[in-house]
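Asker: Spelled out from the first residue to the last, the chains are:
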Amino acid sequence: MAFKNYILVCGGTACESSKSDQIYKNLIEEAKNQGVADQVQVVKTGCFGFCEQGPIVKVLPEDSFYVQVKPEDAKEIISEHVIKGREITRLQYGHHVRKAYEEVEDIQFYKKQKRVVLRNCGKIDPENIDEYIACDGYKALEKALFEMSEDDIINELKIAGLRGRGGAGFPTWMKWNFTKQAEGDVKYVVCNADEGDPGAYMDRSTLEGDPHSVLEAMTICGKAIGAHQGFIYIRAEYPLAIHRLEVAMKQAREYGLLGKDILGSGFDYDIEIRLGAGAFVCGEETALLQSIEGHRGMPQPRPPFPAVKGLWGKPTVINNVETWANIPAIIVNGGAWFASIGTEDSHGTKVFALTGKICNSGLVEVPMGTTLREIVFDIGGGIANGKKFKAVQTGGPSGGVITEENLDTPIDFGSLMKIGSMMGSGGMIVMDEDDCIVDVAKFYLDFTVDESCGKCAPCRIGGKTLNALLGKITEGKASDEDVAQMRQIALAMQKGSLCALGQTAPNPVLSTLKYFPEEYEAHIRDKKCPSGKCKRLISYSIDPTKCIGCTACARKCPVGAISGELKKPHSINTQVCIKCGVCKETCKFSAISVK
Amino acid sequence: MSQNLFSEELNAFVDEWKDKPGNLIMVLHRVQQEIGYISREAADEVSKRLGIPLAKIWGVVTFYHFFKLNKPGKYNIQVCLGTACYLKGGDIIIEELEKQKGLTVGGLTEDGKFSLEAVRCVGCCGLAPVMTIAGEVFGKVTKDQVAGVLDKFA
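Those sequence lines, one after another, are chains G and X. When you number the first sequence by my numbering, it's gap-free, plus one each residue, and the end is 595. When you number the second sequence by my numbering, it's gap-free, plus one each residue, and the end is 1154.
It should be emphasised that the hints constitute simulated quantities derived from the structure, not laboratory data.
Mimicking SDA-like on lysine to any residue, the simulated pairs with C-alpha atoms at most 25 Å apart in a straight line are:
(1) Lys1143/X to Asp434/G
(2) Lys387/G to Thr1142/X
(3) Lys514/G to Gln488/G
(4) Lys250/G to Glu1016/X
(5) Lys25/G to Ile1133/X
(6) Lys1099/X to Asn573/G
(7) Lys1140/X to Glu585/G
(8) Lys19/G to Lys1074/X
(9) Lys19/G to Ala1118/X
(10) Lys1140/X to Pro71/G
(11) Lys260/G to Lys1018/X
Full structure from sequences and hints, please.
Answerer: Set out below in structure tokens:
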């Protein structure tokens, strides 16, 4: 039965955090109360990507895009929109800045995006397999099982030129081909969903919004390489994604799309979930396999590569979530279609989690070759609060910063390497003038030091020493020799570490040293932190010409460092001051400054 | 060790996974889900039931951040220190919690009510900075809001 209206409510983690589940329940309840339950279908979908404006509700067929919806708005959506057919202007995106957008695609945030990986996110109910099937779901599996040979499947990926989206960009078809050719009676397929990069959530949103696409792709891989068992290694911190995967697996089994004799083809294949436990190093493939086997997640020397000797010593294909999600679309539309998107070096699209000091935080998917400027300024809407752009960080703790001069670089695997960063898994963090670049480098190094598994000395000792030297810089105790030593340690870590975690850990330090030498110099020679973030290097002072002596700051100061008479300029005792910044926040006359 | 340390469901789970390869981490997850942390007694029990040496179990539990060795408070507070939250002041929330409740990262209040954890990316970077209390998410938290949020759990 067709409904008059379909209401799509975002059920991604960010929107659920802002009570989208309550909106969903209220909409159903209100439809019932107002007697139109038979006219509307309320669907909880995956992530729309526009997390900044969440929770998001979209009403079809009018395609009304409602943002920052509250649970109490449900009543009006039913009574006004569904019953009277009037769009609710106050909830529409952009109503207060310009006229309401007529088409969702015209919203600046979506204009330059192209959704391949996220094709079903925000469109279907991820907990209903019928909706996935209605959107060409499991068509690729059918094609792979009945119309294609093992080599046909691998060849299609070769034509597509799909490269691994987990960071390294290794050609997917080669991985599959090595594993297919490897000798062994038992082979495994593994999905790496251990998305540990801080500030990145592409994989989680994909699994939450479209879990079947990953299951389907893993099954196709099973057929191509001759495996009958797959494992999804997923962070335990992603309960919603785990739940949706479990639901999807159950439904797929009921439909004969997973399990024994899939679709009557005689091919057996099943998938199990294994939980990660919060160790960043387990994103490294050999460490991940150790963890599935129930051990500490310590990386192993390669070769042998997992394609030859992987899980329990058997040949294993490991791909990350985003890579998997591309595959059904490639099989259905053909490798040539995929190869037509993107650049010479990198085909297809890439999903980024755009966050930090940006107007439109969210999940964006763009064709390879889109420039950073387009992502940051067109899609992201530029820097929030009218501040000045400083840098964008890609590749997380393994990547580097990209500055204004390189913003017109088209994004692909090769070009990002050239400018000293890397694609990484897709975290893209925007920084503004208030962020201290040394502090950011230290943030990443703190992270990798904490996450180092401790197995090899270059990473274990090198990381700690490098971090201590950075600490000296942020405290104003460093000299130029320290920088020279930092470079030496960084080189040793790059050359001598066992796995990519240690090899890439110095990248944030090296890239910030390269692009912001003057900021390091300010910390080292002038003992100043230009952005006022490093507490040891700043001091607060009161401008006597602006201070009217209202005593507000003195009353708020937690350590009593501010003194002065009523209606006369006050002053700060810098010996006592703990630099908490309360006075600056309190002052209504901008009389307090940080230097 | 008595069988009552684990609930019936947990015992059934252990039996189900007993002979599967690579079961240890899955069993530890289930134990922590029930008890809230991995106590010495629980680790002993897992060791006996799975036939895995305690030293190996301890090695795994201490390797992974997710497993806790101490009993969490009635309400566990998580402050996100992922990159987006860090840039937008996640560390300021932690300072404020320390000021208000004397909580340090990994610590517990004297009355056992609140415990504090610094976590990496809760996954809603659009709401940065983010804190969660007993699973409820609070986004775009400012220093001044911390006290009000805590009062909800009084």
